[in-house]
Amino acid sequence: MSSARVRVELSNRAENVPMVRQVLGGFAAAAGIPQADLHDMSLALSEACNNASLHAYGGAEGPLEVELHTSPAAVFARVRDWGVGLTLPIDSTPEFPADVEGGLAGLGLPMILGLADSVRLSTPDGGGTAVEMVFPRGARDCGQLASPPGHTEPLGIVPGQLASTVALEMTPPGVAKEVLPRVLRGVASRAHFSVTRVEEVLRIAALPLTDAPHWAESGRVQARVVDDTGVLELSIGPMSAEDVLELETAARRLAPGFIGTVRSAPATDQLVLRLSRSA
Amino acid sequence: MHTSTLDCDAPHTVGLIEASRRQPDELFLAWQRHGDVLAREELMERHMPLVRKLARRYARSSEPFEDLLQVGSLGLLNAIDRFDPSRGRPFGAFAVPTILGEMRRYFRDAGWALHVPRAAKERALAVRGAVEHLQAEQGRSPTVNQLAQFLEFDVEDVLEALTAMAAYETTSLDAPRTTVDGAGASYAETMGGEDERYELIESDVVVCAALTHLSPRERRILRMRYVEDLTQSAIAAEIGISQMQVSRLLRRSLDRLRDLTQSEFEAL
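If you read the sequences in order, they're chains A and B.
Using this note's numbering, the letters of the first sequence correspond one by one to residues 1 to 279.
Using this note's numbering, the letters of the second sequence correspond one by one to residues 1 to 268.
Because the hints were derived from the structure by calculation, they are not lab data.
As the structure is a prediction and not an experimental result, all values here were calculated from the model.
Be careful, since some hints might not be right.
Here are some chain A residues pointing at chain B (derived, C-beta under 10 Å) [as the list claims (entries may be wrong)]:
| no. | residue |
| --- | --- |
| 1 | 26 |
| 2 | 29 |
| 3 | 39 |
| 4 | 40 |
| 5 | 47 |
| 6 | 109 |
| 7 | 114 |
| 8 | 181 |
| 9 | 185 |
| 10 | 188 |
| 11 | 189 |
| 12 | 195 |
| 13 | 196 |
| 14 | 197 |
| 15 | 202 |
Below, a sample of chain A positions facing chain B; criterion: calculated Cβ distance under 10 Å [what the hints assert, rightly or not]:
| no. | residue |
| --- | --- |
| 16 | 18 |
| 17 | 25 |
| 18 | 35 |
| 19 | 36 |
| 20 | 110 |
| 21 | 190 |
| 22 | 199 |
Pairwise CB distance ranges, derived in the manner of DEER restraints [to be verified]:
| no. | chain 1 | residue 1 | chain 2 | residue 2 | range |
| --- | --- | --- | --- | --- | --- |
| 23 | A | 210 | B | 145 | 28 to 34 Å |
| 24 | A | 269 | B | 132 | 41 to 47 Å |
| 25 | A | 249 | B | 117 | 40 to 46 Å |
| 26 | A | 210 | B | 136 | 29 to 35 Å |
| 27 | A | 160 | B | 145 | 23 to 29 Å |
The beta-carbon is built from N, C-alpha and C at its ideal position, and this holds for glycine as well.
Let's have the full structure, built from the sequences with the hints guiding it.
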């Protein structure tokens, strides 16, 4: 896979750091990142997310965005928040954490520096902090920081649902096939779904990723998982209205017992499934 | 603070008690400029908790931990040799990338291939067994939290195992499933193992309740000794009391725990 990408937006609360690791695990499986590399990336990413969790919003809750993408030579990771920001020379590449006044000065940044090939801290447009990390693929030394991918409209977390939402954007659909099940498994487990129920949820969620729809030329899959007190709401798109209908029917057929709550949103290009914890 | 002269000819009988009053900067100078081995030893001792902390974070399972601790201390030695205190930067921040570098090299050369896939496979097997056991016991499918609690695994390890199992199921969907009578014997075997484990958990529960009768410091010391597996001297260094005191506190805490749990265990 020449270029794979995932962008996830979620709350900075501490319990979401494992969720970010789930996203990374799925991304690594799709992009063919070796386990030993994944291990190092996972540690570095966790440290960056922990920092955002503890310090970005002065102890309060706020959005956290993690973006991963690959080039033939490197894996690029960016952890971004919209919080209080770091007091540091803009766009610096710190040699030692003492260069940084702020939360990263603990064990976190030294670890990131020890694990990633190169690291950059910056204050992006719109404020907050961005930690960018580059990891070489295989033995190759990629040396330089790849330029960050151009995006970015927010993925659209409904105000008031920040704590319970994981919003994702994944390219190509092969990435979604690996990432989405892991996120669903994580969210459903947190919502106390039984393992049997989780597997049912996953079978249903697999439908749009295997048969229909024919993803738009962009190959970009957007998904949103919301834990709504015991009901898991999965929105996935963009897709045609016909695909929405077809998939909704297929989902009902697959799990007639517990999906009484499938609801499509014909006004949008998203299939919306509400999956309850119990029958 | 006490300032000692950096006399390289100082008799080695000075010992650690004397040496421990020295400032880190002095210790670095004493070792790097004057070859004072005691100073290096003390720097090593002071920073071993850092190596331990990093090894624990780096090792995803307990197996490569001891090895990582060893290669990590090599990294620490290296950093002690090269650190320049006159630059006014904290040693820890300088040492961490060096120590991690050693661990990564080792882990990639030996640790990963040897230990990690096996640990993951064992966890997957344990999770599979626990799902069956809990399902049979409570008459419904367990949640991930219940599995994690039952197995004393991280929730993430359980999720990883379930992901691995799902991938396996998908690829081997057409393979013949074990029949009911064929599964009988192995299931019974699993049950035996799980029951033992369950007893362990039960005794844990009793001890946990008793632990609340100890002071936070006593709990902390117990934890450091038996969960984190630190030596008495390492605990003494971290808490800032003597090794003798640690020894006394440990013995007293254990005696109290024994008294507190005796009746409970007899009732089991």
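These are the hints, each one checked on the structure:
{"no.": "1", "hint": "26", "in the structure": "holds (9 Å)"}
{"no.": "2", "hint": "29", "in the structure": "holds (9 Å)"}
{"no.": "3", "hint": "39", "in the structure": "holds (7 Å)"}
{"no.": "4", "hint": "40", "in the structure": "holds (6 Å)"}
{"no.": "5", "hint": "47", "in the structure": "holds (9 Å)"}
{"no.": "6", "hint": "109", "in the structure": "holds (8 Å)"}
{"no.": "7", "hint": "114", "in the structure": "holds (3 Å)"}
{"no.": "8", "hint": "181", "in the structure": "holds (7 Å)"}
{"no.": "9", "hint": "185", "in the structure": "holds (6 Å)"}
{"no.": "10", "hint": "188", "in the structure": "holds (8 Å)"}
{"no.": "11", "hint": "189", "in the structure": "holds (4 Å)"}
{"no.": "12", "hint": "195", "in the structure": "holds (5 Å)"}
{"no.": "13", "hint": "196", "in the structure": "holds (4 Å)"}
{"no.": "14", "hint": "197", "in the structure": "holds (7 Å)"}
{"no.": "15", "hint": "202", "in the structure": "holds (7 Å)"}
{"no.": "16", "hint": "18", "in the structure": "holds (5 Å)"}
{"no.": "17", "hint": "25", "in the structure": "holds (7 Å)"}
{"no.": "18", "hint": "35", "in the structure": "holds (7 Å)"}
{"no.": "19", "hint": "36", "in the structure": "holds (5 Å)"}
{"no.": "20", "hint": "110", "in the structure": "holds (4 Å)"}
{"no.": "21", "hint": "190", "in the structure": "holds (8 Å)"}
{"no.": "22", "hint": "199", "in the structure": "holds (7 Å)"}
{"no.": "23", "hint": "A:210 with B:145: 28 to 34 Å", "in the structure": "holds (30 Å)"}
{"no.": "24", "hint": "A:269 with B:132: 41 to 47 Å", "in the structure": "holds (42 Å)"}
{"no.": "25", "hint": "A:249 with B:117: 40 to 46 Å", "in the structure": "holds (41 Å)"}
{"no.": "26", "hint": "A:210 with B:136: 29 to 35 Å", "in the structure": "holds (33 Å)"}
{"no.": "27", "hint": "A:160 with B:145: 23 to 29 Å", "in the structure": "holds (26 Å)"}
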